[in-house]
Structure formats: C-alpha cells, structure tokens
Amino acid sequence: MTGTAIDFCHVSFAYANGAAGLRDTTIAFDAGQVIVLCGASGCGKTTMTRLINALAPQYFPGILHGNVTVAGVDTRTTDIATLAEHVGSVFQNPDSQFFTMNVRDELAFACENLAMPPDLIRERVESTARAYALTDLLDRPLADMSGGQRQRVACAAISVARPPIVVLDEPTSNLDATSINALRGIVARWKREGRTVVIAEHRLSWLDGLVDTALILDGGRVVRRFTGQQWRNLSDSERLHLDLRPVTVQQLRSIRVSRHPHTPTHQADGNSSPAYHVNGFRYRYRHTRHDTLDISDMTIPCGAVTTVIGLNGAGKSTFARCLQGLDRRCRGTLIAPDGARLQARQRLDACTTVLQDVNRELFTESVLAEVMLSQPCENERAALDILDSLGLRQLADRHPMSLSGGQKQRVAIAAAIASQRPIIIVDEPTSGLDLRHMREVSSLIRGLAERGRTIVAVTHDPEFALEVSDYVAQLVDGRLADWYPVTTPGGTAKLLDALVPDCDSPLSHAGDQSPSQRDAGQ
Amino acid sequence: MTLTISPIAQHGMLRCDPRTKLAFTLTVGCFCLTSAGGDAPVMQQARGVLICCTFLLLAGSGRLKQALAMGLFSVACVGLAHVTAHWHGTAAWFSTMSLTMWMQMLPSGVAAYWLMATTTASELTSALQRMHIPQAVTIPLAVMFRFFPTAAEEQRAINDAMRMRGVHIRGRKANRMLEYRVVPLVANMVRIGDELTQAALTRGLGARTERTSIARIGFHGLDIVLLTACGACCALWALTAFGVLS
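Quick mapping for you: the protein sequence lines, in order, are chains X and D. Numbering-wise, full-length UniProt numbering puts 500 at position 500 of the first sequence, and it's gapless, one number per residue. Numbering-wise, full-length UniProt numbering puts 159 at position 159 of the second sequence, and it's gapless, one number per residue.
What the hints contain is simulated information worked out from the structure, not anything from laboratory work. Glycine residues also receive a C-beta, built at the ideal position from the N, C-alpha and C atoms. Be careful, since some hints might not be right.
Have a look at the derived ranges for each label pair, beta carbon to beta carbon [what the hints assert, rightly or not]: (1) G194(X) / V186(D): 17 to 23 Å; (2) S296(X) / T197(D): 43 to 49 Å; (3) V476(X) / M103(D): 51 to 57 Å; (4) R130(X) / L14(D): 25 to 31 Å; (5) Q104(D) / A340(X): 51 to 57 Å; (6) R398(X) / A36(D): 54 to 60 Å.
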C-alpha cells in the first residue's frame, strides 16, 4: 500500500468530560512509516491514537471538528468495529486487553468477529503463532503468562486480521528489557511488511533506528516534527530541553549520574554499617518442584535505596511480597540492624509497599483520611505536614479516586511516609511516566532515603534505576545473581547492561518463563 | 486437589457438544435436585443412572481425583443416612436434613462443574449462537467468563493491600473493612471493564451480525447417548405422571 495512510485535516477534539484533547492539528502520514508520538502526560498523544482507531469520538464522547481519514475511510462515518479491518490497536495494560482465556481463541477473536471462514482463521492462527513464536503457547491459559508474553500475544492477535495500520499506546510500560527487545522485533517486522505503525510512547530508545517520523506534542498541538534522520541526530542537550527520555540506545548508555557514594550515617566502624539482612527467603508455587525464589542472604543497607532488577518472571514481585510478609507460603526471616529476627507477621508492620497499581491501595473517601489511616496513631497536624511536603495540601479533601495517576501515586507515597515504617518498598513506580514525572518520583524517593528510610525499589526502568540506586540487587531465576553499590567502578555500566535492551543482537523472542516462574501478583 | 474451573478443551471420544452438556446438566438438576418424578421406583432407578453418569463424565474429562473425592463423599452420605435413619430426636432430624440436602445437591453440582470445566467460552458462545440466541446475550456471557477470574485476582490484590496497610479484623478500622474493600474493587472493575470494551471494539466485536468461530462443535456418539438418556428420563417421568408406570 502506498500513499497516505492517515490524514488529519484541521482536527480538534474536546472530551465531553473536559479532559485535554487535541487542537487544530493537520498532518498526514505516509503508508509504511513508523511514527512515534511523544510529549508529557496529557499532551494529546493518546487522543491522537484514539482518533486513529475511532475510539474518539465513538467510545470516548466529545466534540470532533475536522476530518480524520484512516486507510481512505472517514472515521466519523465508519464504526470502530468495522474500522478494525484497517486499524489494529495494542494498549498499555496487557492484562485487560484479552477477551478470551487462551492464546488460540485470542488469536482467532478478531477474525471471528470479521466473520471469516473458520478454516481460514485456523490456518492464519497457526501461521501467525509461528511468526510470533507462540506455537508452544497456543493452548496455554493467558492467565499463566508473563507480561512480556502477553504483550506479544496482543501484537499477534491484531496481526491475524492483517490490518495495514497498527496503533500502540505506551506498549512498553510493564515490560523488561528482553520483552521490549522482542517488541522491537515485532515493530520491525510490521515495518518490513509495509504496515503503518503509530506508537505513543515515553520510553523511546527501544525504537532507535526504526522511527521514520517523530512528533512532539504539547497542549494538544504538534509542536515539533522530526524526520528519522533528524531524530537519530538529536543532541542530548536538545533532548533534555524537550523533556524527552533518551532517543537512542547510545544516549541511554551515556547517561551519567553525579551522586556521591552512599555513606551510612550511623557508621560505627568501617565494616558494620547498619543494614537489614534477608535470610533464607524461599517461595514455591503450588504444584511446582522448584523454588521460584531462593535468596539465602542479601543486604539491604539502611537509609539507602536498593534497586531490585531482573527480567519479567525473575521473582522480583515475589521477593517484594515476601519482604512485605504478605504470603504465608514464603519462608525466611529479615534480620533488623538491632539483631531482631522479623518473621512474616512482624514484617507486615515493619514494611510498607507502594504498589504498581496504586488503585488497589486507596480505600478512603479523602486524601487526608488516606494518610491518617496509615498513621500508627492518628494525628491530623502531622498528616497535613506530610501532604504539604508532597504538594498535596490543596487536594486534602478530594476523593483519591478522582485524582490523576501521578497524584494517586503521591498519595500512596504520603501514606507510606505516614506509616512511619522503616522499610518502604516501591514496585515499578515509574511505569508509564514521562521524563519530568519520572524525575519527580525519583527525587521524592531519594529524599525519603536521605531522611533515613530504607527503600527497596523494584524496577525495569533504566533511567529511574540510575537516578535512585545506591545498591543494586539483580535477580535471575529467583536467585540473587549480583549485588553491588552503583558507585563502585563499572557499577553504572553493569546496571545499564542489565536494563537496556541490546538492540544489536539478533532480535530474539527470548524471555519466556515457565508459568511457575512468572511474578506473583502481576 | 483444587476445584479449578479453567476449562480444558476436550478431544476424542469423550468430547461432546455444549448443547448436550447443557441439556444433561438441566436434566440432572431437574430429576436430582428438584426430585421431579416423585418416588416412583422407576424414577429412583433413573436417578441412580443419571448420578453414575455424572461422576463418570467428570472422571472421563481428566478430573479423576475430583470425581473420586466427590463420589466417595456421596457414598459416605448415603452410608451415614442409613445409620441415622434409626436415630430419634433433634440430632436425627438435623443430620437427616443435612445429609438429604447434600445427597440432592451434589449430583447437580458435579454436573455443573463438569459443564464449566470442559467448555471454553468460545465453544459455549458458538453453541448458543447456533441455537439462534442473539449476540446481546452471548457476548455478555462470554465477558462474564473472562471477568470472574479477573475479579477474583483483583479481590486478592486488594486483600493484600489492606493487610499491608493494617486494615484487618483485629485492627482499629475493622468496622469499616467492607467499605474499604468495595471502593477500590468497584473502581478497578469499572476500569478493567472499560479497557476490555475498548480492546474488544477495536478488534471488531459487533462489526457483523453473525460471528464465525473456530470452536469445533457438533453432535457425535456421546452426544447421542446422553441426549437419549435425557429424553428417556423425561419419557419415564411422563409415563409415571399419567399412571402408565408406577
């Protein structure tokens, strides 16, 4: 297919609920291009993807001015479902974009809806499964798969219907380096096949070398447009000026952090800086022979940030749950600096977790009540002070569920501070955040560590890990493979090697884990 | 042993059509749970055959352990019922009541479990579609299959978060536990439902009035046997009702 694939002609869109949309945008994309949309949260890039797949205005009500023409079809007069033949969509959350229970049915779903003959669908499902390395997983339940595998299934599930245009909305938010690399392989494949791929993203370096057009949006308008060549040559200073995450792998690898090595404040002598010690953490899923998690010893220094890294399914989330003391199947103790041995029950009161999905931990009717719920003894003054320090004071009476994602996360952090528990665990705090918000979260977490809290951060995000880490614990197959202070010579290089997708290697579909090894609680 | 209901698609001899399974489950419910047909000896024998079929079907569907456990349990119930039949007083009344209840409910439960455990959502919806049931019914049904496991997972995660934040039975906020649980649960279910709808729409759900399906359904040997058995039960019922059989 040649010519124009997507055409925006003086398009404005205002959401009925008042959320920021898109303003007077005129732009056209040639068929077969890879287009990346970037900009801060709320800049209009997601709206643009929704206008392409017609979710706006057909599913998200609002007022549309101008014309959006996709594959020669006016999106205003064609309904979303009919447009599915032309546009495939992959969303951020791999958990909630599946309609069936197993991979085979999922791959068949789109074609079934388009009423293709069953034998043709079966043939297409088989060939697509081969192309996306899913043949062995065809009859496996989706619930047993890792985040990376699910995102691959989501990509395969739209490819089956062979749409000429593919739209992805922050597809890498929950993925590790290996899965991102696999996703890169898929985008490259689509490009070879001549599809037009539109990606709204904060993380950019994984698309290094694939981008044909890059747009920067701000306040609902396209403010900059780059060709692939200009994009690759974007200087580091200009990128920072535009508030963008690294655009190329090289930029990502050359990030330097200027921070002094962590010096424990209560150091009595050179060897005995205060620290918690993980002792014999073991976890085994039901019906499995091997321990999913087996960490005999690990040091978590006090008043510092220890970052736990590893692939999807390496046991990071299981480790966080065990540390928090949430699971009775987990064995092991945590030895406090004063020598106290904390069993799971005591750890429930010694640790607090800021969950990846903060919606699950906000229970009350106001932000203030949320913070006071966590206080060991309720104290409104202290609670308001905490809200003040996080810039949440004016939201004290709002209902937590009415806040934006970033605000909710800050409320959860405020509650964690108020709990006065010494150890704070943060699980993937920066998934789906733009550069500025990511920096805010990391400086907040640094601040907590500097005020003496012990932080354990589970993350896939290389830039975040570089900004916050004092110590790094790398898990491989549930074992502690490596532990080092970031400031040791070669520390940052090691951290980057573990977290940055290696784009030079042949695009593999590695990263498959058996169902028993996938992270708990995801 | 766990009573998981993640369906295992059936192959070979023991595969039968979802419509047959529905008919069979309804028949078991009709004759064992609600005791249609009364106490006529013929009906008692028919009931016995139905119950045996139920356990055999479950065992044959790859859930041998579950079938054996429930079979043993019902044998134990029958045995106990014989013992307690000679008792007198409140204890006897209570035990007879509860044993009878178990004996009546268990076969229907086993049949329903067999139906759920062997039918994938896609098989069920395409079977319903062949029965000319409109998409307005079949699609919500398919969503329900997908929704319950998600809701359960969400519930577990919220439970964890509550324990982590110190909201538990012995805590000072125990009286508000229900309220605290409902807010995030409802909010998250709404969000997930929303995202699910978007994903389904953009993949063409509702584009055509008729969907096709890759589920292989259709009537085979076992279907004929089971449907005949269901028909025979109804025939016996009619015959006893009109007094032809006693």
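We went through each hint and held it up to the structure:
1. The hinted window of 17 to 23 Å between G194(X) and V186(D) is violated, with their beta carbons roughly 45 Å apart.
2. A hinted range of 43 to 49 Å for the beta carbons of S296(X) and T197(D) is consistent with their spacing of about 47 Å.
3. Between V476(X) and M103(D) the Cβ separation comes to about 54 Å, which falls inside the hinted range of 51 to 57 Å.
4. Between R130(X) and L14(D) the beta carbons are some 30 Å apart, a value that agrees with the proposed interval 25 to 31 Å.
5. One distance hint, 51 to 57 Å for the beta-carbon pair Q104(D) and A340(X), holds here, with the actual separation near 56 Å.
6. In this structure, R398(X) and A36(D) meet the distance hint of 54 to 60 Å, their C-beta atoms being roughly 58 Å apart.
The structure is inconsistent with hint 1 alone, although it conforms to all the rest.
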